[in-house]
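S.K.: Protein sequences appear in the order of chains A and B.
To convert, note that position 9 of the first sequence is 9 in the numbering used here; the numbers rise steadily by one, no gaps.
Offset between the second sequence (1-based) and the numbering used here: plus 249.
Calculated directly from the structure, the hints in this document are not laboratory data.
Be careful, since some hints might not be right.
What the hints assert, rightly or not - Straight-line Cα separation of at most 27 Å, DSS-like style, residue types lysine-lysine; simulated pairs:
1. A/K59 x B/K320
2. B/K314 x A/K161
3. A/K63 x A/K127
4. A/K69 x B/K320
To be verified - Sample of chain A residues lacking proximity to chain B, with all beta carbon distances greater than 10 Å (derived):
5. A10
6. E164
7. E177
8. E189
9. G198
10. T205
11. A222
Backbone N, C-alpha and C fix where the C-beta goes; we use that ideal spot for every residue, glycine too.
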Amino acid sequence: MSESHLLTTASHPHPGKLIIVEGIDGAGKSTQLQLLHKWLESKGHKVFFTEWNSSELVKETTKRGKKSKSLTPTTFSLLHATDFASRLYHQILPPLKAGMIVLADRYIYTAFARDVVRGVADEWVRKLYAFAIKPDMAFYFNVPIEVAISRLLRGTRGQFKYYEAGMDMDLSPDVTESFRLFQSRILAEYDKIVEEYGLLTMDATLEIETQQEHMRALVEAALRGYKPRRGTYGRRTLFWRRFEIPKSE
Amino acid sequence: MADARFFGDGLKYLNPSDLKGKLIAIEGTDGVGRTTHLEMLQEWLEVQGYGVMTTGWTRSNLMSKTIEVAKAGNILDRWSLSLLYATDFADRLEHQIIPALRSGFVVLADRYIYTAFARDFVRSADRAWIRNVLGFALIPDLVCYLRIDVETLALRVIETTGMNYWESGMDLRLGGDLYDSFKKYQSLLIGEFDKMALEFRFNVVDARKSPEEIQNELRGYILPVLQNHKPPSGTKAVPS
Chain A
1 MSESHLLTTA
11 SHPHPGKLII
21 VEGIDGAGKS
31 TQLQLLHKWL
41 ESKGHKVFFT
51 EWNSSELVKE
61 TTKRGKKSKS
71 LTPTTFSLLH
81 ATDFASRLYH
91 QILPPLKAGM
101 IVLADRYIYT
111 AFARDVVRGV
121 ADEWVRKLYA
131 FAIKPDMAFY
141 FNVPIEVAIS
151 RLLRGTRGQF
161 KYYEAGMDMD
171 LSPDVTESFR
181 LFQSRILAEY
191 DKIVEEYGLL
201 TMDATLEIET
211 QQEHMRALVE
221 AALRGYKPRR
231 GTYGRRTLFW
241 RRFEIPKSE
Chain B
250 MADARFFGDG
260 LKYLNPSDLK
270 GKLIAIEGTD
280 GVGRTTHLEM
290 LQEWLEVQGY
300 GVMTTGWTRS
310 NLMSKTIEVA
320 KAGNILDRWS
330 LSLLYATDFA
340 DRLEHQIIPA
350 LRSGFVVLAD
360 RYIYTAFARD
370 FVRSADRAWI
380 RNVLGFALIP
390 DLVCYLRIDV
400 ETLALRVIET
410 TGMNYWESGM
420 DLRLGGDLYD
430 SFKKYQSLLI
440 GEFDKMALEF
450 RFNVVDARKS
460 PEEIQNELRG
470 YILPVLQNHK
480 PPSGTKAVPS
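Pulled out of the complex, with its shape left as it was, chain B reads as follows:
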């Protein structure tokens, strides 16, 4: 029953064999520049003639509003929080990602289930549950992980968006104030991502490098994945 394209118990009612496109996930903690790089990648791919669809964490039609409301309440328990993310992900998987892959698009995912794994784990110390819950997720063709150290990250976040309640993991009561909590929380997350980088073979990119260098590295990882996928721009796509 288990399909090789799913992590665990798949979507029984869907046939994933006709997914022609490629699924590329960019992971990394808050504030490492994922979104910027995704925009640049999309531009680069579209210039070459690839159909590109981006999908972002908590951006589903069904759940984005609910998650905002729930977070504003600041009283979510660990399970509800993880399940809200899982519902959001399932909605995007079935209504955006799978249809796009079926039509041969390159899907760029801004965060993927590894974010959910990391966030749930730092709140629970139980790795199995959330992985079972998200067993219906498709295994991406490529995962790039923008890695940063917490010192650099803290400076960067203060300079740009500022620290917020959830990015600081304030619900975990790790530190006395926003800054201490942010550093402890993000260190835990980075630790989890580092472990998963080995387990799931992420392509690790040093996010402290210049944007140009990072972008080039990302493109270097993506190119081989797209080979044999579709002829370059100019020629018409022929589904094999």
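Okay, chain A solo, but in the shape it has when bound:
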């Protein structure tokens, strides 16, 4: 019973472009998005970056709730939705309206996958995010669970975080095993989501450069016809401005 979910149908009416990446921890999506960011800027685009669960409004609360381990599947889900709402309103919509490119590291599909695994109803979480806008491009970085685990253990992080490993779900007392079980379930949810919302699946086991090349080609094609705003010629930090002295009337 798919109701008129705005998401599945209508595109947003704004002149900017919204590009998002999804995938489990260790899929390498943040790396790819960062590289795309660099490339877009080098092409002279105005780019704004935003990240899942990063708004000041909610970050403190989530931290407190995690610390006291009092978060339930529903409050966990609602807090992330609050964070998203706040970022949508303050960070995503203004640049889109201004015609900029917005890059989002994780989007509502993260909630659809993760919160459902945590135990909320899949219909409910989809209705919860009914106010979200549909991205212009949504990449899903698909990676087998073992690859993700070895990347994370090898990498700078060295170990799994409590919630990232789903330790609150009592799947296994062993952190790595808990991560494996939890993230495998998330992968299964993502499979459904990819189909439901038509995300672009990327093979995240390939070399970083190969993936990036592919991603840039897809973005380039999608941006054909897009009129970039080049007010500052792609400079991110502008320390001075040249202005004309108004002529006397």
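On the provided structure of chain A, position chain B as indicated by the hints.
M.R.: Here is chain B on its own, set in the frame of chain A:
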């Protein structure tokens, strides 16, 4: 999947069938005297031997501080505002209300989800979204609505606490000053509550009456709900 005790998509991971207690909600706009009457009701019920737990809007451990901070900033968008309330409500539902109902308490709720419905609606003109979001709420056994007209309410609020930014709905820019905005905002809320009173069959109590009369009316509505719930004081509670 839908459980009759929930409004919409329920808490899948909880079983609501073992909730022995009763959930009673008192609704009404700011300044109608809800809190005073709840205190009197609690006293009255406890004297009779009922275990009573009260729960208040925005009073959850998780969210009360966050909401205060957020409101102090005065720059909340409609969704964040409604979602902060929803998170607060979910935290209280799962950590206070449901455990208390399981233990056979009478839960008195100072405001319930109808407040969220009204506040969201006056900011959005879309009734479906917030109702879907709060679909996990338990349907109360009884809802009493303390109804007041906006003229009387304005006088009462000025006499007591004074008008504040949020109670006046200043974020909606309805009027030039606090007073005009308060009246317009509260009128909209009252209008919404009146519509919901019909839709959800609230027991409407005229909040302009004397406190004694109001209290008696409330007790009159509550008594039948509690019948068959628990033997009166003196005898020991036997879970059936």
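S.K.: Taking the hints in turn, state whether each one holds.
M.R.: Hint by hint, here is what the structure shows:
A C-alpha spacing of about 16 Å is found between A/K59 and B/K320, which places the hinted pair at or below 27 Å, so the restraint holds. At most 27 Å may separate the alpha-carbon atoms for a hinted pair to count; B/K314 and A/K161 meet this at roughly 26 Å. Annotation: proposed proximity of A/K63 to A/K127 holds, straight-line Cα distance about 25 Å (limit 27 Å). Our distance criterion of 27 Å between C-alpha atoms is met by A/K69 and B/K320, whose separation comes to about 25 Å.
Interface exclusion of A/A10 from chain B stands, the closest Cβ pair being 15 Å apart, more than 10 Å. For A/E164, the requirement that its beta carbon stay farther than 10 Å from each beta carbon of chain B is met, with the minimum near 20 Å. Distance check for A/E177 against chain B: the nearest CB is about 22 Å away, which clears 10 Å, and the non-interface claim stands. Residue placement check: A/E189 keeps its beta carbon more than 10 Å from all beta carbons of chain B (closest about 14 Å).
Remark: the non-interface label on A/G198 is consistent with the geometry, its nearest Cβ contact in chain B lying 23 Å away (cut-off 10 Å). Against chain B, the non-interface label of A/T205 holds: every CB pair exceeds 10 Å, the least being about 34 Å. Every C-beta of chain B lies more than 10 Å from that of A/A222, the closest at about 28 Å, which supports listing it as non-interface.
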